[in-house]
Amino acid sequence: NKGNRGELEQVALRPSEFHKRTIFVVAAEAKESIRLVSELILKLSLMKDIETVYDKQIEVVSNLGNKHHYKKMLFMNPYMHFTGFKVNTRTSTLKRGVRIVDIGDDIGEEDPNSFTIFVSNLTDPKRLVELYNSIRTDKMLVFKHSHIKTMQKQFYNKVLKGVCKHCPDTFDEYYKIITDENLDIHNLILVDDSRMGYN
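At position 177 of the sequence shown (counting the first as 1) the number is 177 in the numbering used here, and the numbers step up by one without a gap.
These are calculated hints, taken from the structure and not from any lab test.
Worth double-checking, as some hints may not be accurate.
Stated by the list, open to error - Distance windows between CB atoms, simulated:
#, residue 1, residue 2, range
1, Thr-179, His-68, 33 to 39 Å
2, Leu-64, Asp-172, 38 to 44 Å
3, Glu-32, Gln-57, 18 to 24 Å
4, Pro-168, Ser-38, 32 to 38 Å
5, Lys-126, His-68, 34 to 40 Å
6, Asp-124, Asp-169, 18 to 24 Å
7, Leu-46, Asn-182, 24 to 30 Å
8, Pro-168, Lys-71, 40 to 46 Å
9, Arg-35, Leu-64, 17 to 23 Å
10, Asp-169, Asn-63, 38 to 44 Å
11, Val-129, Lys-48, 38 to 44 Å
12, Lys-67, Lys-43, 22 to 28 Å
A quick note: this is a predicted structure, and the numbers were derived from the prediction, not measured.
We treat Cβ as the ideally placed atom computed from N, Cα and C, and that holds for glycine.
Could you build all of it, start to finish, from the sequences and the hints given here?
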């Protein structure tokens, strides 16, 4: 987080890396979701053979009152591949042959066929709890083992221990290790004190 406003900065990924991931974008406000997805689908549209990877439809989990904001964003920015938004109050449980882009700014229910793993470098236990409650994800991956001990009473079995046998000193080193493709950790969201990114 930056300052008292709680703003998050996105970490850029190369378009060639997107096809390896199922993407789920989460933001506290619809305005921020629109900004993130606008950047995201522009980069996705640069992918080769995108029609074999992503559906043309973008699903939004939000208050139905925000529907016109997403439609307006699409009309003002005609992209090469994505042609429409479908706004629901909860995530769809249908299985698809191609991947989809989900945007959630008001999550009602998680898709049982998908999952999100958080990597947190937040040192304040209260902020970790607030983040967990706001996202409503099923699991959280914590950087420092001391953080796990602090969080046990709040999360019980919801917290995953670090994947490293010997935890590195810095968060950047830890993130580099857990994003190794050989570990096969997908749908990864990085959150630390200054930025947020998707993998």
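Verification of the hints:
no.	hint	in the structure
1	Thr-179 - His-68: 33 to 39 Å	holds, 37 Å
2	Leu-64 - Asp-172: 38 to 44 Å	holds, 40 Å
3	Glu-32 - Gln-57: 18 to 24 Å	holds, 21 Å
4	Pro-168 - Ser-38: 32 to 38 Å	holds, 34 Å
5	Lys-126 - His-68: 34 to 40 Å	holds, 36 Å
6	Asp-124 - Asp-169: 18 to 24 Å	holds, 20 Å
7	Leu-46 - Asn-182: 24 to 30 Å	holds, 27 Å
8	Pro-168 - Lys-71: 40 to 46 Å	holds, 45 Å
9	Arg-35 - Leu-64: 17 to 23 Å	holds, 20 Å
10	Asp-169 - Asn-63: 38 to 44 Å	holds, 43 Å
11	Val-129 - Lys-48: 38 to 44 Å	holds, 42 Å
12	Lys-67 - Lys-43: 22 to 28 Å	holds, 24 Å
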